[in-house]
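Participant: Chains as they are written, first to last, in our numbering: chain D, 1 to 309; chain Z, 310 to 858.
Take every hint as true, because none was put in to throw you off.
Partial chain D-side listing against chain Z, Cβ under 10 Å, derived:
# : residue
1 : Ser-3
2 : Asp-88
3 : Arg-91
4 : Asp-148
5 : Asn-239
Please keep in mind that the hints were generated in silico from the structure rather than gathered at the bench.
All C-beta atoms in this analysis are idealised placements derived from N, C-alpha and C, irrespective of residue type, glycine included.
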Amino acid sequence: MLSRIAESMFWIGRYVERAEDTARLLQTHLRMLIEDSAAAEVDACRNLLALMSVDHVDDPTLIEVLRVLGYDPSEPTSIYFSYASARDNARRAREVIPLDLWECVNTTWHQLPTTPFGTTGAHVFLNWARERGAMFGGIARGIMVRDDGWEFMSLGRSLEQVDMTSRLVASASLAHGGRQWPAVLRGCGGHDAFLRTYRGLYTDREAAEFLIVDERFPRSIMHGLIAAADSLHRVARNNMVTARHAETALRSLGQLRAQLQYADLDDLLDNLNREMSKVQDVMAEATITVSTSYFAAADSTAWTTEGTR
Amino acid sequence: MADVLSNYRTGDAFDEMIDGEGSVRPSYQAVYSTLSRSTSDDLRVIAESLANNYTQAGVTFDVDGVERPFPLDLVPRVIASPEWEIIEAGVAQRVKALEAFLSDIYSDARVITDGVIPSQLVTSSTRFHRAVWGIQPSNGVRIHVAGVDLIRNPAGDVRVLEDNVRVPSGVSYVMTNRNAMITAMPGAFANQRIRPVAGYPTRLLTALRKAAPPGVDDPTVVVLTPGVFNPAYFEHTLLARTMGVELVEGRDLECRRGKVFMRTTAGLQRVDVIYRRVDDDFLDPVHFRSDSMLGVPGLVNAVRTGGVTLANAIGNGVADDKLIYTYVPDLIKYYLREEAIIANVDTWRLEDDEAREEVLDRLEELVVKPVDGSGGKGIVIGPRATKSELDALRLRVIEDPRGWIAQPVVQLSTVPTLIEDCLLPRHVDLRPFAVNNGEDIWVLPGGLTRVALPEGELVVNSSQGGGSKDTWVLSPPSHRSSGRGPTEHTEDADDHVEPHTDVPLTVAEIPAAVMPKLAETQRQQQANQQQSNQQQANQQQSNQRSRGC
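Please take these sequences and the hints and turn them into a complete structure.
Facilitator: This is the structure:
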């Protein structure tokens, strides 16, 4: 597969996943803020933005958060930006993407909001954003040939999902007290499953365990790490010539997996923010390794050698 | 006459549907009866269905960087079988002569020594490239794909308006128009056999494979596009998709030791044949424009050493120069010892003092065109130009007589076209496409009929806001019943099993609201290229996000 196309596929996967997960995160925190009206809005919003690595907004309000993470096309963290970028990448890879999938991405882009909205409109928009992500995933799973294009897209999705779940998990520590975990679990759509698994009797410890290391839950960090490694293995197998390119990324994913697997959960909970930042760092590192090994941009020396001959 | 046709009055031009006596021509009987049974409401429904179809499918042509659905009119342009046979033969003859001309001009140039054309004519063409002098294409083909623009004058004669042997575009709309018409207006297809057009990608792929460098048994073919910002990007994706080959950009390719490779996830992979949709000037920054961001350094060397085949070949522009065009009938006589089957439109060469004087005197009644233009750019139509436009033109012609030709204003033939609620005559031309596989020249039965939508307008180019029509070439009535030779039957059967081009039919593609930021030079290269433009080294950048992954 062309490197440029592989890169587009990877980013389509990431952007769609990011859009959906941002919607989940935003929805979770909207609910928490409204439920707990005693909380200081500005503090809560600032923490939320910090969690999403946004640091250019002073004294944010809820409306600001909706703009920055929701509908503002010029904010790189917004759902709007993610879906627009997914469509942009899909257009570049249009000849390899199944028509149904292209239509799904194109329609999503077409339906993006053109006007700002407040908290009332927010839920309609966030539900829509989650549904479009689900539809994309469903169509892709249903009709895409399991070739390199599929693998790079899955890899992008998995890395992004791990990154976003780690942010959601970290957000549980934004305020003190055990009240955050049910909301976070709901945000991942895993609340009921969690209750079933732990029979309704649980502590923060179990909640963290479920979201971080329970590989049976598809939005857990562990599940994403395993899926990413599987995709990388298959890419390596399909491209024997460049198989060693996958090694570095596989190693860092595996190391992280082992660390989390055998971590002391109480330690993890005590340093939730720091540990989750580490997860995000490894995802960023893996992205860079994959990019340099598989999507390598034009070799600038090729120019001069051919040109001066 | 039914409502929708009650106001249909033919003018001075030849009308494709109604003859001089006001009767319906035989080829249009079926279309006419469908139309006359329709109310204006029916037509509106069909027109809307066609428009939605294209918006949703993203069948677009970019105008000024905005993706727009390509307007498709519901009344087809119908060509009877005997007439098509003439067009087919005429187009093939022309391509054959131009092939011979190119082969000659890039080697011994006998055509000059024999005094058929002045040498200055060739050397002064900006599209004659010495860089490719002496290169022999592997199967002798330089014009793998040609588009020859035809018009019909008021006398009813078909004439050649111009040749396009560089990167003719539009064939994708021939295929999508047919698909859309079958869905929107099935009734009109009844009781006649219309020759299918969906076989084009197979023909093209076969021709490209045959053009592979010697010794390559199973060549890798790619389509080279300038990128997503090219007006014809839709066409590039459609051709790559329907041929099942990679669509590459310049930055996906790399030349090493006279061979071309594409960068894949499995490392470098050899490319043997490039169907390029990038203009000559932008192909190789080493030989042509060094500021090109669309090309591949070293590509010309690779072509020269036979490491790769480019289709169409570099330097073809000398053959569709509009001044060379005036000599094509002579070239046909010289190379093929035949008379031209389809004549040219009368043309004045402005380097000739007498002709120039006459043209300058009659500027307000003639059409003046730049010799190397395309897409209708730079054309001045005398009767519709203002005095200051004509004065400016006069100065430019005197300054550079080699750069211009003049033709009488030809009233192109008309076809009924839906304007608001009525069918009205509108001017059309026709661009048939020919594919040369080195053994024979195949002409796609049909072609792109372009229609000028404003009343009286004669410029039909899509880049000038023109629309299009489906073009129906009718099979001879006896085609099925009479026993024809086995070869014809094979071809016929071929046509039947041809898969329909897979065109998306449901979702809207509308102008890109979010475009990666591009350097201004890149944008300009895109905008100014003939049918092409592109770019985007910045995609990676746009994919980066603030938090650093």
